[in-house]
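Asks: Going line by line, the protein sequences match chains A and B.
First residue of the first sequence? That's 1 in this note's numbering, and the numbers climb one at a time after it.
First residue of the second sequence? That's 1 in this note's numbering, and the numbers climb one at a time after it.
To be clear, the hints were calculated from the coordinates, so they are not data collected in a lab.
Beta carbons are placed, not taken as given, at the ideal position from N, Cα and C, and that holds for glycine.
A portion of the hints provided could be inaccurate.
[Claimed, not checked] Chain A is nowhere near these chain B residues, computed Cβ spacing over 12 Å in every case:
#	residue
1	99
2	170
3	176
4	209
5	210
[Claimed, not checked] Cut-off 30 Å, straight-line C-alpha distance, at most; resulting in silico cross-link-like pairs (BS3-like, lysine-lysine):
#	chain 1	residue 1	chain 2	residue 2
6	A	3	B	3
7	B	3	A	76
8	B	187	B	92
9	A	92	B	76
10	B	187	B	76
11	A	208	B	3
12	A	3	B	76
[Unchecked claim] Computed footprint of chain A on chain B, listed as stretches where at least three residues anywhere in the stretch have a Cβ under 8 Å from a Cβ of chain A:
#	region
13	9-18
14	55-63
15	134-148
16	220-226
2 protein chains.
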Amino acid sequence: MAKTLILLSGGMDSVTALHWAAREHEGVGAVSFDYGAKHNHRELELAAWHCGQLGVRHDNVALPFVNDLFASDLLKSGGEIPDGHYEEESMKRTVVPFRNGIMLAIACGIAESRGAEAIAIAAHAGDHAIYPDCREPFMQGIASAMREGTYARIELLRPFIHLDKAAIAQLGHELGVDYAQTWSCYKGGVIHCGTCGTCVERREAFAKAGLIDPTEYLATGPLPTPPDTDSAAV
Amino acid sequence: MAKTLILLSGGMDSVTALHWAAREHEGVGAVSFDYGAKHNHRELELAAWHCGQLGVRHDNVALPFVNDLFASDLLKSGGEIPDGHYEEESMKRTVVPFRNGIMLAIACGIAESRGAEAIAIAAHAGDHAIYPDCREPFMQGIASAMREGTYARIELLRPFIHLDKAAIAQLGHELGVDYAQTWSCYKGGVIHCGTCGTCVERREAFAKAGLIDPTEYLATGPLPTPPDTDSAAV
């Protein structure tokens, strides 16, 4: 029986959270979501790979209504993924409205159904500029809703909320995470593009952590400069 | 473009909320969920009927994973629906974990995608004994998450939070709601059973409001006495 359920996308952050939880917690389970993003198929097979490696129960939840009813360029139903820095205004087009709220709410129902006590999400300190549902005010609200809305008073864990992505990569390196088996690129091609916002963020993280980046990229030109923080914040 | 999105089950409360919103708000839309409950097919056709009557956009969202992964006797995958009073301990078996959290989170994403400003849920003052995700502490948490987790700062409206079900029936009567075209029974048969918790609550509401109950019931024996409130509260 899973006591802690990890929200697992198959990206660097949540895969690190899975390996961290497998070391720190008893009875870990993982849940992934296919919400119709262009890159979901790449992420989800890697999410399953890590669960298999760790012997963790893994459930995949299909959310086809997101692609049908939601507006976002991240989705198959949306427009082109923009290139550039992750914190630019243009990246707002890739936000899937209230995605974390939806995934956490569903995970909460699964956790309560299975007698789990907590859910862990790998939101981190660098996640906040364009994503309202990664910031602490959102997290505090949904954490309160989960605690008050369940018999088990399910807790929301945010183990990486004070780390940046480089620090997560460093932690994962110590935990022996094979980052070649993780996916970031929003374009969902055969290999990482190297130029979309999440590829740029991934490349920055390895560089800042001083780690060898095991990722094969289509293009590895100079990393773009982050925008002025004030203009990127919303 | 819907400015207020109603969570519409097809039961008395949410159908009344739909008619209330259609009178009070501009640009009303409705969203319903098929989460695999035994009675969903009865509710959803009536939900669609009211939207058709009012000329309101209606979206049905299928959530098959709830029936697959969640534990509740309300679901097709669960056990028998118990008879008795809605507030009894035995009714806890019919709770679908974090159902309101999941439905509100999805509705929030739809609302943000469409430029809506608010979501209305028909939770009422009588709803709280066995449902943690109907109580105000939950509602305040999820309302905060919705506001902080969206660019539009989506608001959660609870127009009936201080009414009991009899007062809702009275309001619906004034609004001209045809309650024969609403569904409550958790058993999901051809007609309302009259003895499950929601049928008892429905019968009580019409009786207390002094209204003629237009519902055809399989059994209309004496209404059971509510349990002692202290023992029913959780």
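Asks: Each hint: holds or not?
Replies: Now for the hints, and whether the structure bears them out:
no.: 1; hint: 99; verdict: violated, 7 Å
no.: 2; hint: 170; verdict: holds, 29 Å
no.: 3; hint: 176; verdict: holds, 30 Å
no.: 4; hint: 209; verdict: holds, 29 Å
no.: 5; hint: 210; verdict: holds, 34 Å
no.: 6; hint: A:3 with B:3; verdict: violated, 40 Å
no.: 7; hint: B:3 with A:76; verdict: holds, 26 Å
no.: 8; hint: B:187 with B:92; verdict: holds, 15 Å
no.: 9; hint: A:92 with B:76; verdict: violated, 40 Å
no.: 10; hint: B:187 with B:76; verdict: holds, 10 Å
no.: 11; hint: A:208 with B:3; verdict: violated, 44 Å
no.: 12; hint: A:3 with B:76; verdict: holds, 26 Å
no.: 13; hint: 9-18; verdict: violated (count 0)
no.: 14; hint: 55-63; verdict: holds (count 3)
no.: 15; hint: 134-148; verdict: holds (count 12)
no.: 16; hint: 220-226; verdict: violated (count 0)
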